[in-house]
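Student: Residue-level listing of the chains:
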Amino acid sequence: GDSVTQTEGQVALSEEDFLTIHCNYSASGYPTLFWYVQYPGEGPQLLFRASRDKEKGSSRGFEATYDKGTTSFHLRKASVQESDSAVYYCALSDLSGANTGKLTFGHGTILRVHP
Amino acid sequence: GGIITQTPKFLIGQEGQKLTLKCQQNFNHDTMYWYRQDSGKGLRLIYYSITENDLQKGDLSEGYDASREKKSSFSLTVTSAQKNEMAVFLCASSVDRGGERLFFGHGTKLSVL
Numbered sequence: 003g004d005s006v007t008q009t010e011g012q013v014a015l016s017e018e019d020f021l022t023i024h025c026n027y028s029a030s031g032y033p034t035l036f037w038y039v040q041y042p043g044e045g046p047q048l049l050f051r052a053s054r055d056k057e058k059g060s061s062r063g064f065e066a067t068y069d070k071g072t073t074s075f076h077l078r079k080a081s082v083q084e085s086d087s088a089v090y091y092c093a094l095s096d097l098s099g100a101n102t103g104k105l106t107f108g109h110g111t112i113l114r115v116h117p
Numbered sequence: 186g187g188i189i190t191q192t193p194k195f196l197i198g199q200e201g202q203k204l205t206l207k208c209q210q211n212f213n214h215d216t217m218y219w220y221r222q223d224s225g226k227g228l229r230l231i232y233y234s235i236t237e238n239d240l241q242k243g244d245l246s247e248g249y250d251a252s253r254e255k256k257s258s259f260s261l262t263v264t265s266a267q268k269n270e271m272a273v274f275l276c277a278s279s280v281d282r283g284g285e286r287l288f289f290g291h292g293t294k295l296s297v298l
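Going line by line, the protein sequences match chains A and B. Per the working numbering, the first sequence runs over residues 3 to 117. Per the working numbering, the second sequence runs over residues 186 to 298.
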């Protein structure tokens, strides 16, 4: 079945540091890829998505590029702020076969940014 | 805009008890979902529903029942709570069945004594 692997379980940075969270996926079809962000006490919310090879998604200074060759969708931000502290989820939606109607999420990465 | 309301916000139960969680959405979305969130395990799909009275099992449906009697509401029942269980249950909805963009509620935090 489909799967999403986030390499980092937790990341601790200082303000203005560069952020990378690695996401690799496995899917039988041609999935749409997503990054969701969850702030404390809230549900996850969509950060951005990409549905084609080489498409870049971006929002609030975060970006990721769909790479079908390496089956990756790594999240990056050039300069993090304390307000970026949250849990980040990589996810995929595969409309092929029997998978219609659901997202598959990675395990999440806790980002803590210190002032 | 719309909102997803989950009730209760906190739920404390006893081992073996049947517990029901409720979710309402006013987006007029067709598809609704229940996810379980455990620390270090991400979000795992329990049930989803693509329209009123439809139910589809997710990867984690054993031990749960669900009900979609109205388009706007989707309830989840824990059929027999497990001792020391602790998790957050998240309800979500999307405009289409492809799960393209999910809107989540704030969650129900379950603790079982």
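Keep in mind the hints are simulated off the structure, nothing from the lab. Values in this document were obtained by computation on a predicted structure and should not be read as measured data. Heads up, the beta-carbon is just placed ideally off N, CA and C, and yes, glycines get one too. Check the hints yourself; a few may be wrong.
[To be verified] Footprint (simulated), chain B over chain A, 3 or more residues, beta carbon under 8 Å:
hint, segment
1, 46-57
2, 63-71
[As the list claims (entries may be wrong)] Each computed EDC-like pair below joins lysine to aspartate or glutamate, with the alpha-carbon atoms no more than 16 Å apart:
hint, chain 1, residue 1, chain 2, residue 2
3, B, K255, B, E270
4, B, K194, A, E10
5, A, K56, A, D69
6, B, K226, A, D69
7, A, K58, A, E44
8, B, K255, B, E237
9, B, K294, A, E44
10, B, K226, B, E285
11, B, K294, B, E270
Student: Hint by hint, note whether the structure agrees.
Tutor: Going down the list of hints, with the structure as the test:
1. 46-57: Holds: 4 residues of the segment 46-57 of chain A have a Cβ under 8 Å from chain B.
2. 63-71: Contact hint for the segment 63-71 of chain A vs chain B: violated, 0 residues under 8 Å.
3. K255(B) to E270(B): Outside the cut-off at roughly 29 Å; violated.
4. K194(B) to E10(A): At roughly 29 Å apart (the allowed maximum being 16 Å), E10(A) and K194(B) break the hint.
5. K56(A) to D69(A): Holds, because 6 Å separates the two Cα atoms, which is no more than 16 Å.
6. K226(B) to D69(A): This hinted pair is violated, its Cα atoms lying about 25 Å apart.
7. K58(A) to E44(A): violated, 26 Å
8. K255(B) to E237(B): holds, 5 Å
9. K294(B) to E44(A): holds, 12 Å
10. K226(B) to E285(B): The given pair, whose Cα atoms are some 22 Å apart, is violated under the 16 Å limit.
11. K294(B) to E270(B): holds, 11 Å
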